[in-house]
Amino acid sequence: MADPLLELTNVSTHFHSPAGRVRAVDGVSFSLKAGQTLGLVGESGSGKSVLARTIMGLLPSYAEIPEGSAISFDGHNLLTLDRKARRAISGPGIGMIFQDPMTSLNPVMKIGQQVYEGMRHHFGTSKRAGRERAIELLTEVGIPQPDVRVDQFPHQLSGGMRQRVAIAIALACEPKLLIADEPTTALDVTVQAGILDLLQREQRDRGMTMILITHDLGVVAGRCDNVAVMYAGGIVETGTTLSLFARTRMRYTQALLDSIPRLDRPPHERLQSIGGRPPNLIDPPAGCRFAPRCAHRNAHCDTDIPPITADEQDPSHRFACWNPRDPDAEASDKATGDAA
Amino acid sequence: MSDILLDVRDLVVEFPTRKGLVQAVSGVTFQLNRGETLALVGESGCGKSTTARAVMQLPRPTSGSIVLDGDDLVAAGKRDLRRLRRKFQMIFQNPIASLNPRKRISDVIEKPLKIAGELDAAKRRTAVMELLETVGLDPAVAMDKRPHEFSGGQCQRISIARALILEPDLLICDEPVSALDVSIQAQILNLLEDMKQRYDLTMLFISHDLAVVRNVADRVAVMYLGRFCEVGRSEELFDSPAHPYTRALLSAIPVPDPTVKPKPIEMIQGDLPSPISPPSGCRFRTRCPLATDRCTSEVPEMRGLPDGRAVACHHPLIGT
Ligand SMILES: Nc1ncnc2c1ncn2[C@@H]1O[C@H](COP(=O)(O)OP(=O)(O)OP(=O)(O)O)[C@@H](O)[C@H]1O
Ligand SMILES: Nc1ncnc2c1ncn2[C@@H]1O[C@H](COP(=O)(O)OP(=O)(O)O)[C@@H](O)[C@H]1O
Ligand code: SF4
Ligand code: SF4
Ligand SMILES: [Mg+2]
Ligand SMILES: [Mg+2]
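Protein chains in written order, with the numbering used here: chain Z, 1 to 340; chain C, 341 to 660.
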């Protein structure tokens, strides 16, 4: 398939707050081919969830998507559709999973009914067929005793099991795109690994396209074809997972990689921290948004927005940086300072 | 002076609830040598925080002994305990919630000094300012602000200052960086390491993040459902786990390297059993791929291995 399933062009999402306009997402562009997985990585507040909600059309009324933003999904330009037409496309076409399954699950509705509700709504599936399908889906996502669980309520399950139910719900309408927003952040590592394995299996078996949102570079490294790194509302670097890790260009991406404690390093080794903290999105820096924290900034960085540049070896690997890292010369940066 | 600062034996913590007795910690024994960092790892609900809080005597444990520098904290009366408290302090996961929102930062950090009845007001103020500087905050800016005016990472710096103002011997850290972003996490881990050197601290460090543990700990204790599975030097435990649960935990860590494919986890998926009615014998047996009949009938005792670590398993992964 040549056409991308999802294509974002210059998408921004701003919130009107008493203190001013919050530029939560600012000029994001990327495209995703059918069947591919994209890991969207960034620290908290970088705009990952707002971007996901923008694609889903789940924004509060005081959010504004400025003129010039376009989201094309499966051939439809979502932002030009009215509410109803949009729901008819993204409702069954895009599934979503959230960090805390309790926020997406209805506490007073039986699990089975929550799984087949979407099918009833979008496809008019009967109650009986829906219940059957719900049991099949619960089995598929690894819920023990699915015929018992189908009639239980969310509070009767553990956090990991609730997330499996949330996955069953998201898969029920056979979505083309699945967006998982930090699906394992609230879970233990052993549970996390099981959930990630499940998502990966479903993605493969169904040929589904997936966006896996996480703050953990470890989670995307082993499981996504492509990675996009977000910082302060924008995508600062994107490429195949292999290229992004092996030939990191943008200085923030490298600083982030350098600050992770590693299992293969000796105890008590000093970590490379990034000084300061992310900017206020009401009044972000004029040039590169990472400039106030960057050890490599040059004369352009404070005043001019860095242009999107393609890596010389792999043009699908793109980054926004005035003074990019030379992956052939620098093994790893001993770059940023330690001060707060 | 003994090399052992903290000696915990047969610690039991139980909570009576409507559904029955929650056996949160069921007979845990460990020692902390002076100047070392012992990490406590395990999944949510296994009893890490309860163990830490029992050392703090918040609340007092159900049974067992906790000897700090020769004084038994469990046996100590209220007055003695108040006197001893300056020797052991704790910092928590949620830095903002753990600070009183109505108090100014200077008051928050000064309070332990005031309670201890030490120094006059002017000297206390100087001490607070010096310490703020030490933990990386500008006293001129920070002194008169309130906690909500700071980020999570800055609040954790403030918590660290509050815990260190009385120069304790033991610092207990309960998931001190779990709520922070990676870039801020590294700042705080480095700060804790600096403080450890500067104040000769001994640390009990709780974390569910094994890569963080690998960075901070000299020794690691792995906990499952209220009991210790394995205790040993960090290198050995990470390089060749002896307990099946340790191996499962290690195999589940996501590695930030795309050339390393995720490994299957050698552990039966499912829920943590209820701490009200834990499995008989080995508590891990319902999820252990190596479980035998013996694991159902007999509780595995902690045994020493030749390399100095201790493991509680009938069929350990490395020879005894
Ligand atoms: N005050 C209490 N009353 C009843 N049960 C309690 C109480 N405090 C803790 N528990 C129970 O004791 C067990 C151990 O809890 P604890 O908070 O120590 O776990 P933890 O290892 O720190 O978990 P986490 O990683 O989620 O912080 C859990 O089953 C918990 O529900
Ligand atoms: N409903 C909202 N109203 C106002 N600001 C918001 C809202 N949701 C998110 N934001 C702001 O948008 C920015 C990006 O948030 P978010 O997408 O949730 O970050 P992430 O998911 O990357 O942690 C943050 O500054 C956040 O405070
Ligand atoms: S554009 Fe400049 S400030 Fe931004 S990351 Fe690159 S070098 Fe650093
Ligand atoms: S004692 Fe038995 S059940 Fe427990 S960890 Fe060892 S082998 Fe597994
Ligand atoms: Mg989010
Ligand atoms: Mg805890």
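Read the hints as simulated data drawn from the structure, not as lab findings. Heads up, some of the hints might be wrong.
To be verified - One-sided and incomplete, this derived list gives chain C residues near chain Z with beta-carbon spacing under 8 Å: (1) Leu506; (2) Asp509; (3) Leu510; (4) Ile524; (5) Leu529; (6) Ala588; (7) Met607; (8) Gln609; (9) Arg643; (10) Gly644; (11) Asp647.
Stated by the list, open to error - Calculated cross-link-like contacts (lysine-lysine; reagent style DSS-like; alpha-carbon spacing at most 30 Å): (12) C:Lys603 - Z:Lys33; (13) Z:Lys176 - Z:Lys110; (14) C:Lys601 - Z:Lys176; (15) C:Lys603 - Z:Lys176; (16) Z:Lys33 - C:Lys601; (17) C:Lys359 - Z:Lys110; (18) C:Lys536 - C:Lys443; (19) C:Lys427 - C:Lys451; (20) Z:Lys110 - Z:Lys84; (21) C:Lys443 - C:Lys454.
Ideal placement from N, C-alpha and C gives every residue a C-beta, glycine not left out.
Hint check: 8 Å Cβ-Cβ cutoff, Ile524 of chain C to chain Z: holds, 7 Å
Satisfaction of the Gly644 of chain C interface hint, Cβ to chain Z closer than 8 Å: violated, 22 Å
30 Å Cα cutoff - pair Lys536 of chain C, Lys443 of chain C: holds, 27 Å
Satisfaction of hint between Lys601 of chain C and Lys33 of chain Z, Cα-Cα up to 30 Å: Satisfied, since the Cα-Cα distance of roughly 23 Å is no more than 30 Å.
Given pair status - Lys451 of chain C, Lys427 of chain C, alpha carbons within 30 Å: holds, 15 Å
30 Å Cα cutoff - pair Lys110 of chain Z, Lys84 of chain Z: Given that 30 Å is the threshold and the Cα spacing comes to 27 Å, the pair holds.
Given hint Lys33 of chain Z paired with Lys603 of chain C - CA-CA distance at most 30 Å: holds, 27 Å
Hinted contact Gln609 of chain C with chain Z - closest CB pair below 8 Å: For Gln609 of chain C, the interface hint holds, since the closest Cβ of chain Z sits about 5 Å away, which is under 8 Å.
Given pair status - Lys110 of chain Z, Lys359 of chain C, alpha carbons within 30 Å: holds, 24 Å
Residue hint Leu510 of chain C, partner chain Z, criterion CB-CB below 8 Å: violated, 18 Å
Chain Z contact restraint for Leu529 of chain C - C-beta distance below 8 Å: holds, 6 Å
Straight-line alpha-carbon gap Lys176 of chain Z to Lys110 of chain Z, limit 30 Å: Roughly 26 Å between the alpha carbons, so the hint for Lys176 of chain Z and Lys110 of chain Z holds.
Going through the hint list in order, the structure does not satisfy hints 1, 2, 3, 9, 10, 11.
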